[in-house]
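Take the given structure of chain L and dock chain H to it, following the hints.
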Amino acid sequence: MSDVPLAGDEPVLQVAVQRRIAELRRRMASEGADVALFYSSGVHTFLLVDHVRYVSGFKCMGPDAIVVLPKDNPPTLLVSPVWDEDRARRQSPIEDVVATQDVPAALRRLVEERRLATAAVVVTGLDRITAPAREALTESFRLPLRSFDSSFDEVAAIRDHYELALARAAARIADEANEHLLATAAVGMPEYVLAAELVRFTKSRGADDNFLLLASSQHNRGVRPVSDRLLDRGDFVISELTPSVCGQFVQINRTAVVGEPAPQARGAYDVLAGALEAGLSRAVAGTTVGEMVGAIDGMIAGAGYGGHLTGRRRGHGLGLGSVVPGDLVAGNDTVLRPGMIFTLHPNQYLPATGYLMCGQPVLVTERGPEVLSARGSLSLDVVPV
Amino acid sequence: MITMPGVVTHGRLVWDQALFPPDEQEQRLDAVRSAMRGEGLDGLLVFADGVHHADTVYLTQWFPMELWSVVIVSGSGLPSILSQLVPTPARAWFGTSGRIPAFDGDLARMLGQLGVRGQLGLAGFEYAPGAVLDRLRDELAAYRLQPADELMRAVTRRLRPRELSAVRLAARTLEQAAAALAASRGGGQSDTAALVEAEAAARRLGASDVRILYATPGGAYGPLERQRDRRSDALAAYLAAEVLGYWADVGVSFGPGTADLGMRCSDALEAMTTHLRAGVRAAEVARAGLASLGELGATAARYGLGNAVGLSLDGRPHLAPDSRDVLEQDMVVSMRVMIDGAAPVAATRLALIGGHGAEVLLDGGPA
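For the protein sequence lines, the chains are L and H, in the order given.
First residue of the first sequence? That's 1 in my numbering, and the numbers climb one at a time after it.
First residue of the second sequence? That's 386 in my numbering, and the numbers climb one at a time after it.
The hints are simulated quantities; they were obtained by calculation from the structure and are not laboratory data.
Check before you lean on any hint, since a few could be wrong.
Claimed, not checked - Covered by chain L, per the in silico footprint, the following chain H stretches (three or more residues, Cβ under 8 Å):
{"#": "1", "segment": "435-449"}
{"#": "2", "segment": "499-512"}
{"#": "3", "segment": "577-583"}
{"#": "4", "segment": "730-736"}
What the hints assert, rightly or not - If you want the footprint, here are the derived chain H segments under chain L, 3+ residues with CB under 8 Å:
{"#": "5", "segment": "392-402"}
{"#": "6", "segment": "588-602"}
To be verified - Facing chain H, according to a computed beta carbon distance under 8 Å, are these residues of chain L, among others:
{"#": "7", "residue": "R200"}
{"#": "8", "residue": "K203"}
{"#": "9", "residue": "D208"}
{"#": "10", "residue": "D209"}
{"#": "11", "residue": "G326"}
{"#": "12", "residue": "A330"}
{"#": "13", "residue": "N332"}
{"#": "14", "residue": "L363"}
Backbone N, C-alpha and C define an ideal beta-carbon position, used for all residues, glycine too.
Only chain L is shown next, with the shape it has when bound in the complex (with noise of 0.2 Å):
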């Protein structure tokens, strides 16, 4: 049985919370706004902020969920669908919580009983608002929306806590799973029978999803979805192992073969980990993204693969809370700070061995890089046969 100690109901949980909110209300000011709404839609996905989840510790099921953040009464908090009012309420430490069928519909109704049509709203995620949920924020406030998000990010990206217990418990289940994926993996079997049983491993540690990509082949050209392809000897099996405990996500890329691999397979392999080095190397408080994204893209046209260089993304950010510094590319100029999480794959394309995946997920601290996987330097896996 899994080691996670963290539930939604956990004081520790609540704190976090608190906190956030607190922050969040100082922003608010700072910015002369009344109330601040939180919209989730209910689709997860962990490139993307879960506004109502970081705001309240709630996942949704959707379709609709709002955090309605008054700068000084308590927060209320809009779920659906109605029969979703307990989960809330154990998960949320917001005590105002209201399960309807229709969120937009409730939200007016809040609205004109609070009296906050003429309230200065601030708005986080409006470019990512379904239209019926938009309308009736546009409807229900007289005073144009303005945008959050920036304020947001500032308080976010910086993680709590709690976000970085749940991160390091995240990354021992990535751990654990990929050498279950050596265990288990064996000729002849799907991929998505590999799948499913990464996804039963990670779910019986403790895990509540897993953004799980992962392919077979001789020669990949990419990471995709599983298909129903066999596993067979000799295949670079390329996996992004991303469990999230909580919410939160990390990821590892890992590459397997099955078998004993060619020695230009390691020593191709040996060129990205040490591209994920050089990266680590930069991820240092006060440096770009860019200029860690440097760094890996040098190591690799150093070794003489520049033209294979296609500005492919080196990583990203890990949600459902802040995905601050975001994708990690070359024109990114987001300075790194203590406290940021993010994943650092420097994934290549080599012509000898096709597509292979190398990376670690990273804590910023102030003392240096921090990777929350407890593997060190990486190198090619094998798949016993």
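Quick look at chain H alone, frame taken from chain L:
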């Protein structure tokens, strides 16, 4: 049924050309084009994201993973896919492809190249970000845009024979999942460990998405989110699986006190089944169930008494007393009675509306 979507679907995401050969897709496209002509549409844009993609799968056998994508149906040729991650031709049925629109004239140009002018239908855009819809409307100001959700629903709500095969496959997958759940319970596993085994069983058989809601005594139904060591005296679970794009669901219940309650739930399902015929209003089916349930009706109604399933797990019509929808032949309907509280029970019946009444595809209830 509303359930918790995962961050990504991962399973046997393939275009099964043995089950859905190209001629199946051609016939589907013909049906959509016929409906388009009826509405005077020169083209159709179909929105999809990683969770809401029924119409896209119907048209192309493609399962989008990203935040949003668009399929274009023009007057001739195969559908076109615009997305961040374009599928390979082996994995989907489509003609041209491209990146998701940047709305710098690219979408309008592509429509022009496909010969689409005049009147354009939009389907699935209720799930689209409002900002995307705004930019689309701005770019396509030269077109007359009209909603096309009902158009797609009219085409897809009656399942084609091969689609029914996929639903049956999903149903058989769930039988195994339910058996795995029962075996785990019998083996002494905790509530959540047993549910994880049920999900694994479905995925090993090729399910690409598995949804679980469960209830233990004293609690409401909720998704499987955290592992706990607890093994409750009673456990009720709602399991749903998507196989090759098609959904089936089943309820399973364990524990003392579920037998009698289960009988009442089964009686309600029988009552609903007797009304499950083409031409009957969904409301009539719901009322029959509620009448049978008596005082249990309020609890059951909270979770809903059922709905049509197929490419969507939460399709219309919904079996609700105020529904105005009419049932049609070749609809697959999931009927359910989910009771929470001291003795939770989940009883379900998946049925196909045939020419002479309902054919039961899968029953679920107290084990």
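Task: Hints breached by this structure - done: 4, 11, 12, 13 and 14
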